[in-house]
Amino acid sequence: MKGEFLFFMQFVMTGLSMGSIYALVALGFVLIYKSTSILNLAQGEFLMVGAYFCLSLTIDFGLNFFASFAITLVFSVVLGLLVERLVLRPLIGEPIISVIMVTLGLTYVLRGFVIMVWGNDIRQFNVFPQEPIDLWGVKLTYLYVWSMGISFFLLSVFVLFFKYARTGIFMRAVADHQTAAQSMGISVKRVFATSWCIAAVVSSIGGILVGNIAGVGVDLGYVGLKVLPAVIFGGLDSILGAIIGGLVVGVLEFLSAGYLDPYIPAINEVFPFIVLVLVLMIKPYGLFGTEEIERV
Amino acid sequence: MLAVNNIEVIYDDVILVLKGLSLTVEEGKIVALLGANGAGKTTTLKAVSGLLKVENGEVTDGTIEFMGERIDNKAPEEIVSRGIFQVMEGRCVFENLTVHENLVAATRTLKSRKEIQARYDMVFHYFPHLKSLRGRLAGYLSGGEQQMLVISRAMMARTRLMLLDEPSLGLSPLLVSEIFSILKRLNQEQKMTILLVEQNAHLALSIAEHGYVMENGKIVLDDVVDKLRENEDIKMFYLGLTEVGTKRSYRDTKFYKRRKRWLA
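The listed protein sequences correspond, in order, to chains Y and C.
With my numbering applied, the first sequence covers -16 to 279.
With my numbering applied, the second sequence covers 2 to 265.
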C-alpha cells in the first residue's frame, strides 16, 4: 500500500512541478487576454525564444546560468515591448479575429527567427545536478524542485501584485472597462505594453525551466499549445484559474503517463485535452472564468 | 477655468456633431448643460475629457482651454492629470473589482500614501454608506450605490473640474435628491467645480448657478439659473410649465416643440 501511495505521489509531485511551469506560462495567456481580449497564439514561441536566448548566453557565451537568466528577463521585456509596439498597437480597433491571426503569423516569424539564428538541433543546459532529492520517499531532481519553487514564488508575486499593487489594479480596471479606465487617467496603451512584457517574461522563465527539463528545441513552441487547455480549463480571464488549470494539467499529464500509458501509449499527451472537453461541457466559462454580472 | 471656444467635433471623419459650440465654466461654480437627446451634450464632455478619440471622434476646429492652457485633442490621461475627471453616463463601475479597488483605480494622479488615505477618508465622509461596502464587488451594488461610487472615484483623483454625465439616470427621485445634495456640498465645501449634463432640468437648475441649453450641436441659450427659470422657452421645453406656472399637457408641449425650434 505504501509503495502504491509513493508511486502515486511520485507522479503527483512531478506533475505539480511541471504544472507550476504550465501555470506560469498560462498566466501570460490570461494577462494578455484579460487586458486586450486577444488570445496570443505566439505564447509558446515567446517561451522558445527565451529558452534559446538563455541557452545561447550560457553555452555559447559562457556566462553564468543565473546571469544569463537575468539578462534573458531583460531581453523578454524588450521583446514584449517590441511585439506590442510594432505588431499589436497598429491593430488597435481592428477586429479581434484579425489580431489573433496576426499572433498566429507571429508564431512562424519567431520560429523562423530561432531556426535562422540557432538552428533546429535540440540542445541541453546541463546546469542542475542530476541526482534526485528524497522528499519523504518521493524522489525529485533538483531541477523539478527549483522549477516548482521558482514558479510558485513568481505566481505568488503576481497574485499579490494584481490584488494589492496599484499598477495591478489599473491593469484589472482596463480589463474590466477600457473606456472607464481611460476616463480615470489610466493609460490603456501602457497597460497593454505592461501585459505583453509580463507575458513575455513569464513565458521565457517557463521556457528556460522546460528547456532545462526536456532540452531546448523548436518543439518547445508546442508547450504553448499544451498550456492552452490549462488556460481554458481555469477560465480564460482568471489568474487563479490559470494557476489551478496549469497545476491540474500537469498532474493529469503525469498521472495518465504513470497509470494509463502502459495500456494506451502516449495517452498522457491527450488526456488533459479529454478532461478539458468534459469540464467545458459542464462549465463553459471554465472553472473560474468570469460570467457576466447581471443586476436584477 | 474651462473655456470651450467655437469647437467643431466630427466622428468617423463624416458625422458632424458639434457645430461651433462655446461655453465657459468659472472656478467653483456648478454649470448645467441642458438639451434634448442627441443634442451633443455627452460629446461636449468627451471633447473636454479627451475621450472622443476612443470613439473615433476629433475636435477639428476651435479650442478648449483649461486654466489658460489648450487641452483639445490631448490624451485622457494627460487631461486627468490636469484635474479634469469625467464621470461617465451609465455609471460604468468596474464590475469585477471591489468598491475599494474601484477607488484605488482612480488614484493614478496621486503620489503619496498619505494623500490617498486622506482622499479615502474624504470619500467615506461624504458617502458613509460606501464604507461598509468596501469589500463588495461593484457589479453587485445597487444603481444608487454605483452612482455614489463613480462620484467617489472622481473625488479620489485630484479633481478640480468634474464632468458629470446624467447622474440621475435610472435612479429613484429620493436617491437622486440625496446625490444632488452631496454634489452641492462637494461644490461648497471642497470647491469642486462641476459641469453637469442632466435631462432632469428641475434638478440641474436647483443646484447650478449657470446654465447652457444645447440644440443640434450648438448652444442656443445661456444665462444665470434664476433668469433661465423665468425664460418662457425653458419653462415650455424643459420644465413643462405655462406662463402662470401650471403644468402644460405633454401633447401640447410636443406639438409646440415640433412647431417651434430655436434653430429652425
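No lab work stands behind these hints: they were computed from the structure.
A portion of the hints provided could be inaccurate.
The following label-pair restraints were derived from C-beta to C-beta distances [as the list claims (entries may be wrong)]:
| no. | chain 1 | residue 1 | chain 2 | residue 2 | range |
| --- | --- | --- | --- | --- | --- |
| 1 | Y | 44 | C | 66 | 48 to 58 Å |
| 2 | C | 228 | Y | 74 | 46 to 56 Å |
| 3 | C | 225 | Y | 61 | 52 to 62 Å |
| 4 | C | 130 | Y | 125 | 24 to 34 Å |
| 5 | Y | 88 | C | 56 | 27 to 37 Å |
| 6 | C | 232 | Y | 72 | 41 to 51 Å |
| 7 | C | 130 | Y | 268 | 25 to 35 Å |
| 8 | Y | 74 | C | 39 | 29 to 39 Å |
| 9 | Y | 72 | C | 39 | 27 to 37 Å |
Backbone N, C-alpha and C define an ideal beta-carbon position, used for all residues, glycine too.
### Task
For the range 27 to 37 Å, tell me whether the beta carbons of residue 72(Y) and residue 39(C) fit it or not.
Because 33 Å falls inside the window, the suggested range holds.
### Message
Quick check on a hinted range of 25 to 35 Å for residue 130(C) and residue 268(Y), using CB atoms only.
### Response
32 Å, holds
### Task
May I ask you to test the hint 27 to 37 Å on the CB atoms belonging to residue 88(Y) and residue 56(C)?
Between residue 88(Y) and residue 56(C), where Cβ atoms are some 29 Å apart, the hint holds.
### Query
Is 24 to 34 Å a correct range for the gap between the Cβ atoms of residue 130(C) and residue 125(Y)?
56 Å, violated
### Task
Can you let me know if the beta-carbon spacing of residue 228(C) and residue 74(Y) is within 46 to 56 Å?
Check passed, 52 Å falls within 46 to 56 Å.
#### Entry: Assessment of proposed distance window 41 to 51 Å (beta carbons of residue 232(C), residue 72(Y))
50 Å, holds
### Task
Kindly confirm whether 52 to 62 Å is satisfied by the beta carbon distance between residue 225(C) and residue 61(Y).
58 Å, holds
### Query
So does residue 74(Y) sit 29 to 39 Å from residue 39(C), Cβ to Cβ?
Because 32 Å falls inside the window, the suggested range holds.
### Query
Measuring from beta carbon to beta carbon, are residue 44(Y) and residue 66(C) in 48 to 58 Å?
56 Å, holds
In summary, the structure is inconsistent with hint 4 from the numbered list given earlier, while agreeing with all the others.
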